[in-house]
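Asker: Protein sequences appear in the order of chains A and B. The opening position of the first sequence corresponds to residue 9 in our numbering, with each subsequent residue numbered one higher. The opening position of the second sequence corresponds to residue 34 in our numbering, with each subsequent residue numbered one higher.
Be aware that one or more of the hints could be misleading.
Quick partial rundown of chain B residues pointing at chain A, CB under 10 Å, derived from the structure [stated by the list, open to error]:
#1 Phe45
#2 Ile79
#3 Tyr87
#4 Ala121
#5 Arg129
The calculated EDC-like cross-link candidates involving lysine to aspartate or glutamate, where the alpha carbons are at most 16 Å apart (straight line), are [claimed, not checked]:
#6 B/Lys106 / B/Glu89
#7 B/Lys134 / A/Asp34
#8 B/Lys134 / A/Glu67
#9 B/Lys36 / B/Glu50
#10 B/Lys36 / A/Glu60
#11 B/Lys106 / B/Asp55
#12 A/Lys17 / B/Glu77
#13 B/Lys134 / A/Glu106
#14 B/Lys106 / B/Asp62
#15 B/Lys134 / A/Glu87
Everything labelled a hint here was simulated from the structure, so no lab data went into it. Quick reminder that beta carbons are idealized off the backbone N, C-alpha and C, glycines included.
Read off the chains here:
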Amino acid sequence: NAGVTQTPKFQVLKTGQSMTLQCAQDMNHNSMYWYRQDPGMGLRLIYYSASEGTTDKGEVPNGYNVSRLNKREFSLRLESAAPSQTSVYFCASRLNREVEAFFGQGTRLTVV
Amino acid sequence: AQKITQTQPGMFVQEKEAVTLDCTYDTSDQSYGLFWYKQPSSGEMIFLIYQGSYDEQNATEGRYSLNFQKARKSANLVISASQLGDSAMYFCAMRRSGFQKLVFGTGTRLLVSP
Numbered sequence: 009n010a011g012v013t014q015t016p017k018f019q020v021l022k023t024g025q026s027m028t029l030q031c032a033q034d035m036n037h038n039s040m041y042w043y044r045q046d047p048g049m050g051l052r053l054i055y056y057s058a059s060e061g062t063t064d065k066g067e068v069p070n071g072y073n074v075s076r077l078n079k080r081e082f083s084l085r086l087e088s089a090a091p092s093q094t095s096v097y098f099c100a101s102r103l104n105r106e107v108e109a110f111f112g113q114g115t116r117l118t119v120v
Numbered sequence: 034a035q036k037i038t039q040t041q042p043g044m045f046v047q048e049k050e051a052v053t054l055d056c057t058y059d060t061s062d063q064s065y066g067l068f069w070y071k072q073p074s075s076g077e078m079i080f081l082i083y084q085g086s087y088d089e090q091n092a093t094e095g096r097y098s099l100n101f102q103k104a105r106k107s108a109n110l111v112i113s114a115s116q117l118g119d120s121a122m123y124f125c126a127m128r129r130s131g132f133q134k135l136v137f138g139t140g141t142r143l144l145v146s147p
């Protein structure tokens, strides 16, 4: 019963490097989300995808891009990482007719 | 704009006691949902309980109940009979009906002592 799976769990990048965070869900959910969690600030929405083939900006989209590859997968890309993007990143998914979102385990990203 | 306020950075409770974690929210919408999530030290976010703005009864899920006071715009989480495993960060969140974004508060760290 995998739920929402994120890879990698930990990553250290140098400033200017690029990387893609992967997320996959096996619950046949319509909506998928990327959040970041910073100390003292709770979670903030970066991007979301309400259905396969659509993506929309959230609260803090600058410096990120996303791809909804298919219904299962939603990736987050950092094209040129900056120290301000050091954070814990969470992917989540939700079946539109249900209220609760299910979260992955998180990816701890450090940009040096 | 929506906002969630959790004014208690940390709370302490003894095992088997009840504890209330405070949450107030600000919205001009009439239809919205309120959520509580638990984040243990392992880092994952675990959904605990949900309250719809039109629900007349307070939500309950096992030892968790949500004390919903709409006029005061508060949605406090009550944990009865605390257990050591309840030690974690707790986040209150809100979503406007028909919208995708969850807005989170800054969290309350609960420590349960033996």
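Asker: Each hint should be assessed against the structure and marked as holding or not.
Answerer: Structure-based check of all given hints:
no. : hint                : verdict
1   : Phe45               : violated, 20 Å
2   : Ile79               : holds, 8 Å
3   : Tyr87               : violated, 13 Å
4   : Ala121              : violated, 14 Å
5   : Arg129              : violated, 12 Å
6   : B/Lys106 / B/Glu89  : holds, 14 Å
7   : B/Lys134 / A/Asp34  : violated, 21 Å
8   : B/Lys134 / A/Glu67  : holds, 9 Å
9   : B/Lys36 / B/Glu50   : violated, 30 Å
10  : B/Lys36 / A/Glu60   : violated, 29 Å
11  : B/Lys106 / B/Asp55  : holds, 11 Å
12  : A/Lys17 / B/Glu77   : holds, 11 Å
13  : B/Lys134 / A/Glu106 : holds, 14 Å
14  : B/Lys106 / B/Asp62  : holds, 12 Å
15  : B/Lys134 / A/Glu87  : violated, 24 Å
Figure legend: structure checked against the earlier numbered hints; hints not met, in rising order: 1, 3, 4, 5, 7, 9, 10 and 15.
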